[in-house]
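Below are the chains, spelled out letter by letter.
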Amino acid sequence: MLELFIYGIVLGGIIALGAVGLTLVYGIIRFANFAHGDLMTGGAYIALFLVTDFLAWLGVPDVIFHPLSFGLRMAIAFPIAMFLVGIVAIIFDRILYKKLREKKSSAVIMAMSSLGAAFIMRMIILIIWGADSLFYRPGVLRPALDLPLGVKIRPDQIFILVAVCFLIVLVHVFLKNSKMGKAMRATSDNMDLALVSGIDTEKIIIWTWGIGGALAAAGGILYGIDVQLHPYMGWNFLIPIFAATILGTIGNMYGALVGGLIIGVAQQMSTAFLMPTYKPAVAFVIMILILLIRPKGIFGGSS
Amino acid sequence: MEIGGLIAYLVSLAIMAGIYAVFCLGLNIQWGYTGLFNIGIAGFFAIGAYTSALVTSPMPKGVYAQYVHQLFGLNMPFVAGMGAAAIMCGIIAYLIGYPTLRLGEDYLAIATLGIAEAIRLVFNNEPWIANGPRGLMGLPQPLQNLVSPHNYNYLYLVIVLVVMAIIFIAIEKGIRSPWGRVLRAIREDEVSAAMSGKDIFHFKMQSFIFGSMVMGVAGALYAHYTKAISPDVFTPLYGTFVIWVMLMAGGSGNNKGAILGAYVIWGIWIGSQFATDFLPATLQSRAPYIRFLLIGVLLEVILLYRPQGLLGEEKKVSKWVED
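Line by line, the protein sequences give chains A and B.
Following the numbering used here, the numbering of the first sequence begins with 1 at its first residue and continues without gaps.
Following the numbering used here, the numbering of the second sequence begins with 1001 at its first residue and continues without gaps.
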């Protein structure tokens, strides 16, 4: 049970990376981005391209950081993939959502547009890589370490926890201290007030997509390292990240983090008595319960 | 292809498009008239198809029973199957609508998305309900003794068109009544509709249940046309996304547009199959993804440049209002 709890924290960290980005977009650009899961998939596959093709072509040596299952190439590919997915998210905003904003389309139309964007991204991935599961390093042995209390954990999973903590702290520092971060929080709290204080909302929107996309990419890559890559991996994360976002109150980054951890732990613990394929359904049931009991989430005031 | 084969092909195309048109009519009640964002159509599709399959097929016997497991098999007529499909979908719609319809519009979307995935997971993982991933096969078809199997599709096309016509008339009557005008008032401005003393939650719930029941009927029509159903059919792609593109293309808020959109998009979808035959061999195996990519791009183009669709909404729905 303790082992499942720890695996749940690992999974929850990955969900949290998706949920933090989603909640920022939700709070600042104000629509439900159904393409967020597929941004995670996009990050994982861009990293795959970099690791197996581009960096190999450049002649970057294939050094493995033992006891981890990946090495130098992944260390280079990770931040590049995050940056590129941030750019992809910004491009989608420029060609789709910005035009819809200018036309004063409703939030539901933007959500529908994001659903279309999700399918477009997934189809591109399917066209290039096909429908099979892939690995960053096929065939590599990934032995687990024995920790006290009979817990087995792979070094990769410890890396994932460290990476999630690092990224969350980075975003926290950015939002708390930088001028742009403060402006983003102000916009999330009150759009009209931010506008009258002379904040350039278009610039904020670009930064929000960039950060949201980059975090989603990180989540996707970490899942790829932990488990495998699959064109539907991000889509299957969509319900958990929405559940985490709602659980932690829409627009609240720390809430999304807590929500992600709760959903991840609940999903992993459920495998003790349910089939693992039911994991998305577990997130869904938690979300429905939250909507019934406390629709504004754990950090939302009662309206 | 000789002419008889061509006609048979067009008939099968018209049947599938007709079934999709019934889905579009159901979605039009929810989205077109009430503004409810249901992206879990695949869930209602599955519930409708499976309910009707279980109600109309006999319980497997003998050797067959070892290979096919199902919760029950009532061996009842097609109309009973369709009715049961509608009722089950209505119940599911109530259960989903209850926690979400009082909240903002995206909550319904997320919840419907979730229920569709959950329903597919249940049918995949619980073989005792409806044979798990292998699904059910050899489903009975209505009036199948009336004509030879070779000509059966002509009869089924008539059945689909009759069901579509009945639903079309029912929705048109509803929309042109005071009830329909309340729905459109809620879509346009919830607050002012509430200020006119309308119970927003109940009207939304009625619209959501009504639309979902129509989707259940469409799911039943699908099950008895293909005679075989399995959980992979009810994916978000085939079961939800295509139907959305159809309604947006035809014109949401217009029942004729809903039907037109279903036929146009299904025509494009089938037509694109011939176009991908010209692709190089390496891309052939991935042709369906290329076609879906184009359908996705088409949705974005519609949303950006022609959000009203081909026909657009009929603004005037009362004969008492002058032009």
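Treat the hints with care, as some may be off.
As the list claims (entries may be wrong) - Here are the simulated SDA-like pairs of lysine to any residue, each with C-alpha atoms no more than 25 angstroms apart in a straight line:
hint : chain 1 : residue 1 : chain 2 : residue 2
1    : B       : Lys1173   : B       : Leu1293
2    : A       : Lys99     : B       : Ile1167
3    : A       : Lys104    : B       : Gly1035
4    : A       : Lys296    : A       : Ala186
5    : A       : Lys98     : B       : Leu1294
Claimed, not checked - With the Cβ distance kept under 10 angstroms, some of the chain B side facing chain A (calculated, not the full set):
hint : residue
6    : Glu1105
7    : Ala1109
8    : Leu1113
9    : Glu1117
10   : Lys1198
11   : Ile1200
12   : Tyr1289
13   : Leu1299
14   : Leu1304
Stated by the list, open to error - Sample of chain B residues with no beta-carbon within 12 angstroms of chain A, all distances over it, derived:
hint : residue
15   : Pro1058
16   : Gly1114
17   : Ala1118
18   : Arg1134
19   : Pro1142
20   : Glu1172
21   : Met1205
22   : Gln1206
23   : Tyr1263
Keep in mind that the hints were calculated from the coordinates and are not lab data.
No residue lacks a Cβ here, since even glycine has one placed at the ideal position from N, Cα and C.
Output the numbers, in ascending order, of every earlier hint that fails for this structure. Violated hints (numbers, rising): 1, 2, 10, 11, 16 and 17; every other hint is consistent with the structure.
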